[in-house]
Amino acid sequence: MNIAVILKQVPDLAEELEIADSGAELDPDEISWVLNEFDDHALEEALQLKEATGGTVTAVALGGEDVADALYTALAKGADTALKVGDFETPPATHAAARTLAGVLGGRGFDLILTGVQAIDDVDGWTAPVVAGYLGVPHVSVVTHIAPADGGVTVNQEYAGGVVAELDVHTPAVLGVQAARAVPRYAPVSKVRQAMQTSTIEEVDAEAAAGTGVTVRRLFAPEAGGHAEMLSGGADAVAERLVEILKERGLVG
Amino acid sequence: MSQDIFTLVEHRDGQVTEGSFELIGKAKALAAAAGGKAVAVVLGDDLGAITAQLGGADAVIQVAGASVADFTPTAYVAAVSALLREREPALMLFTGSAEGMDSSAGLSATLGLPLAGYATDVSREGDAAVVTSQVYGGKLMAEAVLEGATALVSAIAGAFPADAGRGDGSPAVETVDAPAADVRVTFRRLIHPEAADVDITKEDILVAVGRGIGDADEIEIVEELAEALGGAVACSRPVVDAGWLPKARQVGKSGHKVKPKLYVAVGISGAPEHLEGMRDAELIVAINSDAKAPIFGVAHYGISEDLFDVVPALTELVAG
Ligand SMILES: Cc1cc2nc3c(=O)[nH]c(=O)nc-3n(C[C@H](O)[C@H](O)[C@H](O)COP(=O)(O)OP(=O)(O)OC[C@H]3O[C@@H](n4cnc5c(N)ncnc54)[C@H](O)[C@@H]3O)c2cc1C
Ligand SMILES: Nc1ncnc2c1ncn2[C@@H]1O[C@H](COP(=O)(O)O)[C@@H](O)[C@H]1O
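Just so you know, the sequences run in chain order A and B.
All residue numbers in the first sequence are consecutive under the working numbering, ending with 253.
All residue numbers in the second sequence are consecutive under the working numbering, ending with 320.
Some hints could be false.
To give an idea of the chain B side of the interface with chain A (calculated C-beta under 8 angstroms), a few residues [unchecked claim]: (1) T110; (2) P114; (3) Y118; (4) S123; (5) V135; (6) Y136; (7) K139; (8) L140; (9) E143; (10) G148; (11) K247; (12) G255; (13) H256; (14) S289; (15) G302; (16) L317.
Think of the hints as simulated: they come from the structure by calculation, not from any bench.
Note that beta-carbon positions come from the ideal geometry of N, C-alpha and C, so glycine has one too.
Kindly produce the complete structure, drawing on both the sequences and the hints.
Right, dumping it as C-alpha cells:
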C-alpha cells in the first residue's frame, strides 16, 4: 500500500498562548510549534502498515513555520519521502488547507491518506473528511485500527465507552487516526540530523485556496464563569486544607 | 433558504443519545426566534421506537432503509446531502461524536457549506450564523461567522441543556427513502469492550491521572492516593494510548462517562473531550501546575502546584 500522511504543526499548549492585536488570531511571534499529537499516531500507523505489508509512506505538510522539522523527523522514523506543499506565512484553516492538499495528493495514486483525527487550532472542521470530500473518495474519522483487506482496508471507528464499529473501506480512502496500534516511535536527534543531511524534501508549489465562508472574528480566553476556588500556600498547606474540606463533606473518615 | 433548523439525531441501542436532545433543545430556541421549525432528522432501518422519543422537535424526517441501518460516513453524507439541497434549512446541528464529525465535515466539503466544530453556542445575525467554539484544548474560545446557504455546526457535548430537547409531543413524521447502498464503506459489526476488573462508572471516589504524570512508573503515587481515599484510579486518554493503564479506566468522550461523589484530576489539562466524561461529578478537585489549565473551569477546588509534591502529601494525611 502506498500511504500519504498529512502532518501539521500546531501551537504548543504547554506554552502561554498570546492573542495578536487583531484579536482574531494568535500572535505568531509568540508561538512555539509542535507536531499535532494525533498526526504522530497517523504516522506511526502508516509505518506499521508499511512494515507489515510493504509499500511506501510519504509524509506531507503545507509549508510553514518549523514544518521541515516535522518532515525530517518523519523521514528519520522511516517515511520514504517527504513532500512540502506551498509556503504559507499563516497556516490556512481546514477547508483551504484541505483543498490545496487534495489538489496535490489527488494525482499521485495513494491508496490511503492518513491524518490525525483533529487538530486544536481551527474551527472549520476536520481535515480527513474534507480532503476526502474534495477528492470524492470515502472517509472515516476516529480510527483506532487499520488492517489490509480485499479491495481496501478494515478499520475500527471508536465511539463512546470504548465501543468500536468495524467498517470495510474501499481504497483510495482518507482516514482520521485517533490512536495507532502502538505508542508512536521516537526518533533520536542524531537520526533526525542524519535525515537532514542525507535526504531532501520534495517541494511543490501551491497557492492558497478559498475556504467555505467561515471567518473567525474574535479569539478570547473563556469567561471565568464557574472557576475553581484555588487553594494556595505550598503543597503541605493545600493538602491539609483539602483534607479538611473532604472531611467536612464526609468523603474522608 | 428556509428558517428551519435541522438536527442530525444519533441513536444507539434503541436510545436517542443525550447529545441529540441537547441539539434539539437548541434548535427549538433558534427556530422559534426565526419563525421556523426545529426538524429532527433521523436515519435508520427500523425507527419506530426512535421517533417516539423525538416529541421535543417540531417535525421529524426519518430517512429509512437498509443502507443507513448502521452508521457509515458515505451513506449518511449521501442521505443528508439530498435533504439539505432540497430543503435548504438555515442551520443544521450535529453532535461532536464520530458520526457528527464525519457527517458534518463530509457534507461541508461535498456541498460547499460553511462548518464550525467544537461549538458551545450558536446564534444568528441576519442570515449568518455566529458560532462560539472551544479551541486550543479549551484554553481559548473562537467566535466565527458562517455565511452560506446552510450553516453546519457540530457542538461539544454538554453545550446545551438536554432537557430542553425532550418532550412528549407527537410531531409529524415524514419518511424519506434512504439512498442506494454505497459499497465503498460497509458496516460489519459493533465490538463491545471486554468486562474490566474495576467499573469506574460505579465508583464513588475516582483519582484520575493524566499525561502530567509523565511516566508509567509514577502512576504508583496516584494508586496510593486512590487506595487511601477508598476509591479507584481513572485516567485521561493519553495515559491509555501510552499503554500505562487499561482502556477501561479512561474517562471522556471515547471513554466512560462518570459521576462520582469525588473526582480528583491529577495532571489533566481539561480538554473538552475529557470534560465530557466527568463534568457532572459532585465534587471536582484539580491538581495542575498550569494555573490556566481549562480543568480549573469545571473544578470546585483547584491546586496549582506540582503534583509530585501535593499527591504524596495528600496520601500521607488521608492515610493518617
Ligand atoms: C475524538 C476524540 C476523542 C477523545 N476522547 C478522549 C477521552 O475519552 N478522554 C480523554 O481524556 N481525552 C480524550 N481525547 C483527547 C483529548 O483531546 C486530550 O488530548 C486529552 O484529554 C489530554 O489529556 P491530558 O489532560 O492527560 O494531557 P495534557 O493535555 O497533555 O495535560 C497534561 C497536564 O498536566 C499538567 N502537568 C504536567 N506536569 C505536571 C506536574 N508535575 N504537576 C502538575 N501538573 C502537571 C500540565 O500543566 C497539563 O495541563 C479525545 C480526542 C479526540 C480527538
Ligand atoms: N494546514 C494543514 N497542513 C497540513 N495538515 C493539515 C493542515 N490542516 C489539517 N491538517 C491535517 O489534518 C489533521 C486534522 O486537523 P483538523 O482537521 O484541522 O482538526 C491534522 O492533524 C493534520 O494531519
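Checked hints:
no.	hint	result
1	T110	holds (5 angstroms)
2	P114	holds (4 angstroms)
3	Y118	holds (6 angstroms)
4	S123	violated (13 angstroms)
5	V135	holds (6 angstroms)
6	Y136	holds (5 angstroms)
7	K139	holds (6 angstroms)
8	L140	holds (6 angstroms)
9	E143	holds (4 angstroms)
10	G148	holds (4 angstroms)
11	K247	holds (5 angstroms)
12	G255	holds (7 angstroms)
13	H256	holds (6 angstroms)
14	S289	violated (10 angstroms)
15	G302	holds (3 angstroms)
16	L317	holds (5 angstroms)
The structure fails hints 4, 14 (numbered hints given earlier, in ascending order).
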